[in-house]
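**Student:** Residues per chain, in single letters:
There are 2 protein chains.
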Amino acid sequence: MSADSNPMALYEQLRAQGDAVREIKAQKGNKADVDAAVQLLLKMKADYKQLTGQDYQAGRPPTDAVMNDEDHDDGDDQVDPWNVSTSSAKGVDYDKLIVRFGSSKIDQELVDRIARLTGKTPHRFLRRGIFFSHRDMHQILDAYEKQKSFYLYTGRGPSSEAMHVGHLIPFIFTKWLQDVFDVPLVIQMTDDEKYLWKDLSLEDCHRYAVENARDIIACGFDLDKTFIFSDLEYMGASPSFYRNVVKVQKHVTFNQVKGIFGFTDSDCIGKISFPAIQAAPSFSNSFPQIFGDRIDVQCLIPCAIDQDPYFRMTRDVAPRIGYLKPALLHSTFFPALQGAQTKMSASDANSSIFLTDTPKQIKNKVNKHAFSGGKDTVEEHRKFGGNPDVDVSFMYLTFFLEDDEQLEKIRQDYRSGALLTGELKKCLIETLQPMIAAHQERRKLVTDETVRQFMTPRKLRFNC
Amino acid sequence: MSADSNPMALYEQLRAQGDAVREIKAQKGNKADVDAAVQLLLKMKADYKQLTGQDYQAGRPPTDAVMNDEDHDDGDDQVDPWNVSTSSAKGVDYDKLIVRFGSSKIDQELVDRIARLTGKTPHRFLRRGIFFSHRDMHQILDAYEKQKSFYLYTGRGPSSEAMHVGHLIPFIFTKWLQDVFDVPLVIQMTDDEKYLWKDLSLEDCHRYAVENARDIIACGFDLDKTFIFSDLEYMGASPSFYRNVVKVQKHVTFNQVKGIFGFTDSDCIGKISFPAIQAAPSFSNSFPQIFGDRIDVQCLIPCAIDQDPYFRMTRDVAPRIGYLKPALLHSTFFPALQGAQTKMSASDANSSIFLTDTPKQIKNKVNKHAFSGGKDTVEEHRKFGGNPDVDVSFMYLTFFLEDDEQLEKIRQDYRSGALLTGELKKCLIETLQPMIAAHQERRKLVTDETVRQFMTPRKLRFNC
Numbered sequence: 001m002s003a004d005s006n007p008m009a010l011y012e013q014l015r016a017q018g019d020a021v022r023e024i025k026a027q028k029g030n031k032a033d034v035d036a037a038v039q040l041l042l043k044m045k046a047d048y049k050q051l052t053g054q055d056y057q058a059g060r061p062p063t064d065a066v067m068n069d070e071d072h073d074d075g076d077d078q079v080d081p082w083n084v085s086t087s088s089a090k091g092v093d094y095d096k097l098i099v100r101f102g103s104s105k106i107d108q109e110l111v112d113r114i115a116r117l118t119g120k121t122p123h124r125f126l127r128r129g130i131f132f133s134h135r136d137m138h139q140i141l142d143a144y145e146k147q148k149s150f151y152l153y154t155g156r157g158p159s160s161e162a163m164h165v166g167h168l169i170p171f172i173f174t175k176w177l178q179d180v181f182d183v184p185l186v187i188q189m190t191d192d193e194k195y196l197w198k199d200l201s202l203e204d205c206h207r208y209a210v211e212n213a214r215d216i217i218a219c220g221f222d223l224d225k226t227f228i229f230s231d232l233e234y235m236g237a238s239p240s241f242y243r244n245v246v247k248v249q250k251h252v253t254f255n256q257v258k259g260i261f262g263f264t265d266s267d268c269i270g271k272i273s274f275p276a277i278q279a280a281p282s283f284s285n286s287f288p289q290i291f292g293d294r295i296d297v298q299c300l301i302p303c304a305i306d307q308d309p310y311f312r313m314t315r316d317v318a319p320r321i322g323y324l325k326p327a328l329l330h331s332t333f334f335p336a337l338q339g340a341q342t343k344m345s346a347s348d349a350n351s352s353i354f355l356t357d358t359p360k361q362i363k364n365k366v367n368k369h370a371f372s373g374g375k376d377t378v379e380e381h382r383k384f385g386g387n388p389d390v391d392v393s394f395m396y397l398t399f400f401l402e403d404d405e406q407l408e409k410i411r412q413d414y415r416s417g418a419l420l421t422g423e424l425k426k427c428l429i430e431t432l433q434p435m436i437a438a439h440q441e442r443r444k445l446v447t448d449e450t451v452r453q454f455m456t457p458r459k460l461r462f463n464c
Numbered sequence: 001m002s003a004d005s006n007p008m009a010l011y012e013q014l015r016a017q018g019d020a021v022r023e024i025k026a027q028k029g030n031k032a033d034v035d036a037a038v039q040l041l042l043k044m045k046a047d048y049k050q051l052t053g054q055d056y057q058a059g060r061p062p063t064d065a066v067m068n069d070e071d072h073d074d075g076d077d078q079v080d081p082w083n084v085s086t087s088s089a090k091g092v093d094y095d096k097l098i099v100r101f102g103s104s105k106i107d108q109e110l111v112d113r114i115a116r117l118t119g120k121t122p123h124r125f126l127r128r129g130i131f132f133s134h135r136d137m138h139q140i141l142d143a144y145e146k147q148k149s150f151y152l153y154t155g156r157g158p159s160s161e162a163m164h165v166g167h168l169i170p171f172i173f174t175k176w177l178q179d180v181f182d183v184p185l186v187i188q189m190t191d192d193e194k195y196l197w198k199d200l201s202l203e204d205c206h207r208y209a210v211e212n213a214r215d216i217i218a219c220g221f222d223l224d225k226t227f228i229f230s231d232l233e234y235m236g237a238s239p240s241f242y243r244n245v246v247k248v249q250k251h252v253t254f255n256q257v258k259g260i261f262g263f264t265d266s267d268c269i270g271k272i273s274f275p276a277i278q279a280a281p282s283f284s285n286s287f288p289q290i291f292g293d294r295i296d297v298q299c300l301i302p303c304a305i306d307q308d309p310y311f312r313m314t315r316d317v318a319p320r321i322g323y324l325k326p327a328l329l330h331s332t333f334f335p336a337l338q339g340a341q342t343k344m345s346a347s348d349a350n351s352s353i354f355l356t357d358t359p360k361q362i363k364n365k366v367n368k369h370a371f372s373g374g375k376d377t378v379e380e381h382r383k384f385g386g387n388p389d390v391d392v393s394f395m396y397l398t399f400f401l402e403d404d405e406q407l408e409k410i411r412q413d414y415r416s417g418a419l420l421t422g423e424l425k426k427c428l429i430e431t432l433q434p435m436i437a438a439h440q441e442r443r444k445l446v447t448d449e450t451v452r453q454f455m456t457p458r459k460l461r462f463n464c
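Protein chains in written order, with the UniProt record's numbering: chain A, 1 to 464; chain B, 1 to 464.
Chain A on its own, in the form it takes in the complex (with noise of 0.2 Å):
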């Protein structure tokens, strides 16, 4: 087939004509080569609609689910696993990002499914909308009420000693799950990834990792049934997990991660390379201490939405390699301070509340800095209310606050005016206050030898 009738090939031909204006211009070409180039690409792209009735869209083939995500603007909003930004106040566009993920969301039908097989309250991060997608979470859940077992895979990337409330998302939904469902769960730090992507030194990456690690155990997991490893560790410590890699990286091209990942040719090869080391853990038999060579434990991964697109990779090449997809629950982000444009980030103090933060801190942080949804005067809120959607502190609390009645009491009470926004900041110093303090006091206690032994590969807790 002639790419004058194939709607791949024109795409390729576009894709590398796309590529040659873009070189063409950042090198400075001459301005007759700059017009020639960018008349081809014109032409093309005309060819492109005439065929496919589409416009061209870079990184959206017009076919291939793997790279259909990618590269695609819904308003401004641009979520990737290192950039999450928006121009709206109430945050990122979940619903839109669901359509363009092609995700389910997690609706009322799957919470109260949860809530009937483990016979527990859904956590709060499933009552509000918090995890707000899922992938195949109910073939889990079939597998489930026929007593076939899963394991949970989640994890971080250990990019400084600092871990803020919003890392602690996941681990506390993850550790829930744990709880409810009775099952293993392995921890990745990526260590490796963040020794690519930064200016740190591997030995540094290392401490990182067992220090957010110790963060980590805090939140409360059971050692017989957790396993965190690093992978400057791991992938020496385990001939199957390389395995897995390998696989992994046989079956995925440049292309595809150019596709997915926005890699460029001046990238490492480390970096190109990296998205199979955080596609194995998905795999049971990456972990022969815990599941032996059996390929048939299906992996849940709890994880922000940034993170999807290794998870879209993953479950493209699974069946390819003789593997399970990997089910995955998302979680939206945990907005900065200075509101939910852009998500808390650990390399700016005052856009966080770090776990290391004392009771003066947390007041002082969110009585500076915590973006609110109130008015500009006493008056003027009490007469018109304050609008809890953009407000940060409450954002915070639908976090962090358990009480569903007295949430949605701040919510109806900020709104109509009654609560004023000093009020709403002090209700939420009082829950993080105590919040953090807990954790600090857990932290405490998590010797060098407990995280030894959460470190170390060995045989789990596990009924399958």
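Treat the hints with care, since some could be wrong.
[What the hints assert, rightly or not] Some chain B residues judged to face chain A by a derived CB distance under 8 Å, without partners named:
| hint | residue |
| --- | --- |
| 1 | Tyr242 |
| 2 | Gln249 |
| 3 | Ile429 |
| 4 | Glu430 |
| 5 | Thr431 |
| 6 | Pro434 |
Just so you know, the hints here were simulated from the structure itself, not pulled from any lab data.
No residue lacks a Cβ here, since even glycine has one placed at the ideal position from N, Cα and C.
We have chain A already, so just place chain B on it with the hints.
**Tutor:** Below, chain B without anything else, positioned relative to chain A:
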């Protein structure tokens, strides 16, 4: 600086536009598009020539020491890790290769120096220019003179159970080096590479690695000084090895491996990152069981010249990650029975003498397939003499016949016509048959336990 006056910028444009043209052609774009793209390319090439005074060549940027060796035609010689071919019956022009690769010739002075330092007669591969090129060998010897030792690293890609006599060349020579210098040796079996490049399962590649190790051990390596490792095993057994892999991966871009190895966007990410895995054993702290955390033990790599691209890359990266550059000794190729235009290949049974061949098979193959430099009739041969320079049987004798005088007599007699082709072949057959039989005998004595011992990470004898 605009591309009009910047050779590198123009080179990058040309590269991108070249990719675009290839893509459009590959996808069978319509004629007008192809023409437009090609016209632009030609114009840019003319600009490039005007600016640099040189013809544009893909993969040869105007500057950049790492990339200036590939995709370069010297006559018809092609030499890279996956292809070796030439149009000359004498084989590749190795003097030109030295210039192209920027290595140094192994001259008589170096051979004499090795003899003086070790107190041994130089190996026939050195006496006869079979190991013909080096990098930094004088540095190795300078240090050795000052009682500072080094270690040897060589390897094999196990693509099948069958090894042929050509595969033995680096191992025969490496064993000699190990004996005369009394140094430790690591041998990498790149089973992961073969999985990535070939249509083979991981299990088969690993099995071939172990089977090939048996043949390598049969060359007589000293268990106390030799560690043989499969990547699929050792990567999962040594965090130190993986750390060095990641270090190299951080310091090499896709652009670089594209220039050095000719990778494309359609290659899998495993191939793209693999060169780091072949690089890592060049650094002594990849083997803490042997060298602890020392990084000051220099590495000497005996290998066929087609492996040099991996180590040019390694030498480029080494100082940037704080390591010593490995030194190299390069061998010529072992020619196919059909002639020196290509090297012996395990995938063509008739081009190779296998280590498993019977005396009868050896006799038949040499008689039937070995390309002859003799004349068509006995009368002509007696009158005009034969040409040993293109005669494969004679070439093989230069590899395997130890006696220099006997070899020289054969050469002269063949050239004069005193020795007939049949007689020359008989001479080779009588050299190969006992050599291969002895190898087979030694191989039989290599037990599973012996293989296991060689392949177990452990301390080696090392005086330094």
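**Student:** For every hint, state whether the structure bears it out.
**Tutor:** Right, here's what the structure says about each hint:
1. Tyr242: At 4 Å from the nearest chain A Cβ, Tyr242 (chain B) passes the 8 Å test, so the hint holds.
2. Gln249: Hint on Gln249 (chain B): holds, closest Cβ of chain A at ~3 Å, below 8 Å.
3. Ile429: Check failed: Cβ of Ile429 (chain B) comes no nearer than 42 Å to chain A, outside 8 Å.
4. Glu430: Check failed: Cβ of Glu430 (chain B) comes no nearer than 45 Å to chain A, outside 8 Å.
5. Thr431: At 41 Å from the nearest chain A Cβ, Thr431 (chain B) fails the 8 Å test, so the hint is violated.
6. Pro434: Constraint on Pro434 (chain B) not satisfied, violated at 40 Å.
In this structure, the earlier hints numbered 3, 4, 5, 6 are contradicted, and the remaining ones agree with it.
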